[in-house]
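There are 2 protein chains.
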Amino acid sequence: MYKAEIYITLKEGVLDPQGSAVEKALHSMNFRGVQEVRIGKFMQVVLSADSLEAANQQVKEMCDSLLANPVIEEYTFNLQEVEK
Amino acid sequence: MYKAEIYITLKEGVLDPQGSAVEKALHSMNFRGVQEVRIGKFMQVVLSADSLEAANQQVKEMCDSLLANPVIEEYTFNLQEVEK
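Taken in order, these protein sequences are the chains called V and X.
In this text, residue positions in the first sequence follow this note's numbering: the first is 8, and each later residue adds one.
In this text, residue positions in the second sequence follow this note's numbering: the first is 8, and each later residue adds one.
Any given hint might turn out to be false.
[Said to hold, decoys possible] Stretch by stretch, here's where chain X covers chain V in the computed footprint (C-beta under 8 Å, at least three residues):
#1 32-39
#2 45-56
[As the list claims (entries may be wrong)] Incomplete in silico selection of chain V near chain X, CB under 10 Å:
#3 9
#4 10
#5 16
#6 29
#7 74
#8 77
[Stated by the list, open to error] Label-pair distances were calculated between CB atoms; the ranges are:
#9 V:90 x X:89: 32 to 40 Å
#10 V:37 x X:80: 21 to 29 Å
#11 X:77 x V:19: 30 to 38 Å
#12 X:37 x V:34: 45 to 53 Å
#13 V:25 x X:64: 35 to 43 Å
#14 X:88 x V:19: 35 to 43 Å
Worth flagging that the hints you see were computed from the coordinates, not collected in a lab.
A virtual CB, placed ideally from N, CA and C, is assigned to each residue, including glycine.
Full structure from sequences and hints, please.
Structure (structure tokens):
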């Protein structure tokens, strides 16, 4: 069994209205040092696969076809074997 | 300048309907090995602070007071100095 931790972020240059809203909220709460906030997604996927390589390939395909929007987002992930 | 990478996840035991929906979608796309999907948030915050310790304290306060919902979510973060 493998566990993937996937980080999906907006590509640089893509506007992040949610991040801007949180940034303004933080300023209004007196966190004046905040310069930038970007918000993305963090996904944990547990999957069975024959090998680490096969799991890696599957996670890549999932990201490309469903989890991330390749037009505006990019992703990275790490993968480890887990017991379960 | 410091950059915090914050990972916010639902506490164990809290239902994750978004994760369940993605899990079903992956199954229907023939990713049959998928056992569990949990979806959280990944935030990047750039902030200025006098020291790493001060930045750490600020990020903790932000998470506790705005970024995470302590009732159902938990968070971890890492912090590093960046040039900018």
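When the structure is checked against the list of hints, which entries are broken? Sort them ascending.
Structure breaks hints 8, 13, 14.
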